[in-house]
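Peer 1: Place chain B on chain U using the hints.
If you're matching them up, the sequences are chains U and B in order. My numbering applies: residue 1 is where the first sequence begins, and numbers increase by one. My numbering applies: residue 1001 is where the second sequence begins, and numbers increase by one.
Derived from the structure by calculation, the hints contain no laboratory data. Even glycine gets a Cβ: it sits at the ideal position worked out from N, Cα and C. Heads up, some of the hints might be wrong.
[Said to hold, decoys possible] Some chain U residues close to chain B (C-beta under 8 Å, calculated; not the full set):
#1 L11
#2 A155
#3 D192
#4 N296
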Amino acid sequence: MAIKHLAGDRLQGTAAERAALSGNTLGSIAQTSWKELDRVTLGSAADVLDTGTFAAKDNLMILLWVDASTAPYGNITFNGDTGSNYARRYCSNGASDTTHTSQSGIDISSGGAMNHDYFVVLTIRNTASAEKLVICHSLEQDATGATSPNRVEIAAKWANTANQITRVELTNSRSGHDFASGSEMVILGCDDDEADSGTNFWQELSNTTTTVAANNINSGTITAKKYLMVDCHIIPTTNDSNTTIICNGDTAQGSYSMRRSYDGGNESTYAGTNPIGSTAGMYTGFGENRTNLLMNTMIANVSGKEKLMFWHMSHALDGATNEPHRTEGVGKWHTTSGQITNFKIQTSTGSHYGANSRMRVWGSD
Amino acid sequence: MASSWERLAFVTQASDASTFSVTFTAKEHLRVVFHGFQSTPVEPDIRFNDDDDDNYAGRLSINGTGYLMTYDDNDRIYNYGYSPSGTGEAITNMEIINVLNEEKMVLIDNNMGSVGAGNVPTRRENTSKWANTSEQVTKITFVDLGSGALIKAGSTITVWGADDQSSTPFYPNIPNGTLFEESDTGKIYMWDGTSAWNEMT
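If we strip away everything but chain U, and leave its shape as in the complex, we get (with noise of 0.2 Å):
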């Protein structure tokens, strides 16, 4: 069961929910949050990725990484319902939003056909008697090499009140054009009281806190992981404090190619360029006076491929008179071969990154 928050400063639960409310000392981090239920991989092309039957958890993370390079259709059925039964609305590039009721499935596109490697991370709440609502959001890499990818940002639903999910399903209906080998789908899951048990599937690989003003922040050497997730806590010095992304020290502007929106609105791309300099790595999207900026990565870091990421930011000056800006970005870093085994944020000139500034990375194959 769960707390139950009652009038007049009551709680209500279990006598080991009692105790987990009690003053400790941590020994060990208490394997309770997502862990791998399933997962399928490509080994030759195909016209659909099934999972199968996992089983059902409360909260859903879904994984998507699908080489698209011959241009599929992609559309997520749960359950094996190809019935009327999903609505979706999305948007694609900052355009205005598209909306689609009474659907056979969600269309996870930016309309049309997957172009190149696709990189889409879904979250799910999965209770039985409620329709399960999907946040997505998601990366097409376009074209290989100095292309600016595409973004795309989905709020769907299957009106299903009767069931948790418990089988996912990427299906291609064009013709001739599979998701190619080696495309993947890792489904996440936990339970609101998922037992201590098991192993998380995000594990730490690096925790790095600044102590004294720096010119970047950056994870130092990681073990290569096919997943990453970066949370990033910058506290700018300066009015200079524009950031750009660097992977395993590649500075090339060349190397990299992005887009981003800012405020959800001026949409813009630079491809093998970089505004902040031509030795300044990947540009993030944002470049104006900030004190404190919060950033969230997800990274595809597959090898062989080019390496796929979406961040999301915010970022104030300090006083709750000063509302929060929002950046949303996607991009790529080139190269191909190996992984991502240092990240780093940098900015475009001095050490402007304040003392206390933060970055933590998570991954999992």
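Peer 2: Chain B in isolation, oriented as in the chain U frame:
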């Protein structure tokens, strides 16, 4: 052992009410999922640590470029309390950087609407902050201050956190005198305001 994410708290709304709260141990990185149910458009805005002063600011977009608003010196974060819609359920995904002596920056995604596959979801993106530099967030309250609608029973809040492994005991932020009724033992305990539950006899 390397650090990871762990669940910090999970609560279920016991009965229809205008507020719904969760209390948890402080961590520097937080992820929160609020799953709200409503009969009429409710406005479950967000407050941290019971702070109802004008210490919040934010930027909200609804359906991409469809609508954008900003607010500052506000007494809450607008979750979907600004221009609420729909009679179905909604989810709020929150990411919070929760460093003690820094302002708390928040990223929010919403999906909400009316029931049925014939109704397309509404999508909201929200970047917000709590301009507090002396506390970590240890309590989140969803509160309806406008519509008079209620956050229905069965709504849930789940909180995950990540941090360094601590060698120092930490304690939840629970008011002194709070009672805990153990459903499986029938025992009742009272929180001493600092570090211990004492059984009531």
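Peer 1: Is the interface hint for U/L11 satisfied, with its Cβ closer than 8 Å to some Cβ of chain B?
Peer 2: OK, holds: U/L11 within 8 Å of chain B, min 5 Å.
Peer 1: Was the hint right that U/A155 lines chain B, CB cutoff 8 Å?
Peer 2: Cβ of U/A155 sits 4 Å from chain B, so the hint holds.
Peer 1: Under 8 Å, Cβ to Cβ, is where U/N296 needs to be relative to chain B, so tell me if that hint holds or is violated.
Peer 2: It holds, given that the least Cβ distance between U/N296 and chain B is near 6 Å, below 8 Å.
Peer 1: Is the hint on U/D192 kept, meaning its closest Cβ partner in chain B is under 8 Å away?
Peer 2: Since chain B brings a Cβ to about 4 Å from U/D192, closer than 8 Å, the hint holds.
In the structure shown, no violation is registered for any of the earlier numbered hints.
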